[in-house]
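J.: Sequence:
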Amino acid sequence: MRHRDILLEYKVNPLWHFLEQTYGFEQAFRMFKPYEGANILPKLVDPNTMVVTMPLILSNTNYVGTHFGGSLYSMCDPFFMFLLMMNLGKDYMVWDKGAKIDFVKPGEGTVTATFHIPNSEFEDLKELLKKEKKTIRTYETEVLGEDGKTVAKITKDLYIRRLV
Numbered sequence: 001m002r003h004r005d006i007l008l009e010y011k012v013n014p015l016w017h018f019l020e021q022t023y024g025f026e027q028a029f030r031m032f033k034p035y036e037g038a039n040i041l042p043k044l045v046d047p048n049t050m051v052v053t054m055p056l057i058l059s060n061t062n063y064v065g066t067h068f069g070g071s072l073y074s075m076c077d078p079f080f081m082f083l084l085m086m087n088l089g090k091d092y093m094v095w096d097k098g099a100k101i102d103f104v105k106p107g108e109g110t111v112t113a114t115f116h117i118p119n120s121e122f123e124d125l126k127e128l129l130k131k132e133k134k135t136i137r138t139y140e141t142e143v144l145g146e147d148g149k150t151v152a153k154i155t156k157d158l159y160i161r162r163l164v
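First residue of the sequence shown? That's 1 in my numbering, and the numbers climb one at a time after it.
Heads up, a few of these hints could be off.
Simulated pairs of lysine-lysine, DSSO-like, Cα-Cα distance not exceeding 27 Å [to be verified]:
{"id": "1", "residue 1": "Lys33", "residue 2": "Lys97"}
{"id": "2", "residue 1": "Lys90", "residue 2": "Lys11"}
{"id": "3", "residue 1": "Lys130", "residue 2": "Lys43"}
{"id": "4", "residue 1": "Lys105", "residue 2": "Lys11"}
{"id": "5", "residue 1": "Lys43", "residue 2": "Lys153"}
{"id": "6", "residue 1": "Lys133", "residue 2": "Lys105"}
{"id": "7", "residue 1": "Lys90", "residue 2": "Lys126"}
{"id": "8", "residue 1": "Lys126", "residue 2": "Lys97"}
{"id": "9", "residue 1": "Lys149", "residue 2": "Lys90"}
{"id": "10", "residue 1": "Lys130", "residue 2": "Lys11"}
{"id": "11", "residue 1": "Lys43", "residue 2": "Lys90"}
{"id": "12", "residue 1": "Lys133", "residue 2": "Lys33"}
{"id": "13", "residue 1": "Lys100", "residue 2": "Lys153"}
{"id": "14", "residue 1": "Lys153", "residue 2": "Lys105"}
{"id": "15", "residue 1": "Lys126", "residue 2": "Lys11"}
{"id": "16", "residue 1": "Lys133", "residue 2": "Lys100"}
{"id": "17", "residue 1": "Lys133", "residue 2": "Lys90"}
{"id": "18", "residue 1": "Lys11", "residue 2": "Lys43"}
Label-pair ranges, simulated between beta-carbon atoms [as the list claims (entries may be wrong)]:
{"id": "19", "residue 1": "Ile57", "residue 2": "Asn13", "range": "42 to 48 Å"}
{"id": "20", "residue 1": "Tyr73", "residue 2": "Val12", "range": "31 to 37 Å"}
{"id": "21", "residue 1": "Gly89", "residue 2": "Val51", "range": "20 to 26 Å"}
{"id": "22", "residue 1": "Glu26", "residue 2": "Gly70", "range": "19 to 25 Å"}
{"id": "23", "residue 1": "Asn119", "residue 2": "Ser59", "range": "36 to 42 Å"}
{"id": "24", "residue 1": "Val164", "residue 2": "Thr61", "range": "45 to 51 Å"}
{"id": "25", "residue 1": "Lys134", "residue 2": "Val64", "range": "22 to 28 Å"}
{"id": "26", "residue 1": "Phe18", "residue 2": "Asn62", "range": "33 to 39 Å"}
{"id": "27", "residue 1": "Leu58", "residue 2": "Val164", "range": "18 to 24 Å"}
{"id": "28", "residue 1": "His17", "residue 2": "Ser59", "range": "23 to 29 Å"}
Everything labelled a hint here was simulated from the structure, so no lab data went into it.
From the three backbone atoms N, C-alpha and C, an ideal C-beta is built for every residue, glycine too.
Input sequences plus hints: build the corresponding full structure.
T.: See below:
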């Protein structure tokens, strides 16, 4: 199979599609075992915004009693990609290209991360991708503690490609 053929087969996994259609986006994520185990709770606020919370529980606690770093990253991993996929549509491919997490302070209690991409970004991407076949965009968010202070800073690099 040629590289180009693989690109043309880019689509949502049928299992995810079934779960999302049957139970809704948020509930499908809650059924995903890594998120269920860490008690990661995504909420789609609007087509441009997701808010994800994670209370501190035994299964996401590290050796010293604060949030496990892997769970902090996991709660932030896919959401910029999902916002792009939902808003750009099936004529575009979106893949994670790279990521960075800076741990600022220990996470205790419930932590929250907000992912937002404005409509203007989707419009800019569509215009750019009329001229270019692909691009890499960088998006950032912060994980905040209950006190509103930064627990971690997340940077995501996303590869976006026009398929048609």
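J.: Is lysine 149 close enough to lysine 90, meaning Cα to Cα at most 27 Å?
T.: violated, 37 Å
J.: Within 36 to 42 Å: is that where the Cβ-Cβ distance between asparagine 119 and serine 59 falls?
T.: Holds - the Cβ-Cβ distance for asparagine 119 and serine 59, about 37 Å, lies within 36 to 42 Å.
J.: For lysine 133 and lysine 100, compute the direct alpha-carbon distance and say whether it is at most 27 Å.
T.: Between lysine 133 and lysine 100 the Cα gap is close to 25 Å, so the pair holds against 27 Å.
J.: Holds or violated: are the alpha carbons of lysine 133 and lysine 105 at most 27 Å from each other?
T.: Roughly 40 Å separates the two Cα atoms, so the pair is violated.
J.: Checking one constraint from the list: CA of lysine 133 to CA of lysine 33, max 27 Å. Satisfied?
T.: Violated: lysine 133 and lysine 33 sit about 35 Å apart, past 27 Å.
J.: Take the C-beta atom of valine 164 and the C-beta atom of threonine 61, compute their distance, and say whether it sits inside 45 to 51 Å.
T.: holds, 46 Å
J.: Given the hint of 33 to 39 Å, check if phenylalanine 18 and asparagine 62 actually sit that far apart at their C-beta atoms.
T.: holds, 34 Å
J.: Can you confirm whether the C-alpha distance between lysine 133 and lysine 90 stays at or below 27 Å?
T.: holds, 15 Å
J.: Are the Cα atoms of lysine 90 and lysine 11 separated by 27 Å or less?
T.: Measuring from Cα to Cα gives roughly 8 Å; hence the hint holds.
J.: With the threshold set at 27 Å, check whether the alpha-carbon distance from lysine 153 to lysine 105 stays at or below it.
T.: Holds, at about 10 Å.
J.: Confirm or reject the claim that histidine 17 and serine 59 have a C-beta distance inside 23 to 29 Å.
T.: holds, 28 Å
J.: Between the alpha carbons of lysine 11 and lysine 43, is the straight-line distance 27 Å or under?
T.: holds, 23 Å
Figure legend: structure checked against the earlier numbered hints; hints not met, in rising order: 3, 4, 6, 9, 12, 19, 20, 25 and 27.
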